[in-house]
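J.: My request is simple: use the sequences and hints to build the entire structure.
1202 is the number of the first residue of the sequence shown in the working numbering; add one for each residue after it.
Calculated from the structure, these hints are not laboratory results. Keep in mind it's a predicted model, so treat the numbers as computed, not measured. A virtual CB, placed ideally from N, CA and C, is assigned to each residue, including glycine.
Across the chosen pairs, the derived CB separations fall in these ranges:
1. Ser1254 x Thr1290: 14 to 22 Å
2. Lys1250 x Ile1212: 14 to 22 Å
3. Met1202 x Pro1223: 20 to 28 Å
4. Val1317 x Asp1340: 32 to 40 Å
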Amino acid sequence: MTTIDRSIGNIKSKSSVYETEPWGLKDQENFLNLAVFVESKLSLDEVFKLTKSIEHDLGTGREIKWGPRSLDIDILYYNDDIVKTDKITIPHASLYQRNFVLIPLMEIAGDLIDPVEGKTIEELYDECHDECEVFIFED
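T.: Structural data, given as structure tokens:
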């Protein structure tokens, strides 16, 4: 978190850490997930490049799609922007189908209105059909 705070912007809020069943590739350990709200003066492109740099610096491997990795930073929203390029989609394309994204996000921004669906995060969660279990992590 310190690296994000120093390089990307001020962390305004952070969710609890959630333990979740693996999504996609089931035969692996559970994942830990959380959401952070970061206030940044950087452009979306700059934020994207910095998140990839942080992942690289921390040795994140991504050999297998949906496979284990030490860190995966996804940009879910950037202001109220709707963006679709070959590198990034904002809002994040898969957030609507994933409890492990919606539950931590709902904790810190349940009233946030999704610019594509016109619904709050809480409403998106209520409509989500993902059956993966998500629970607060206790170490």
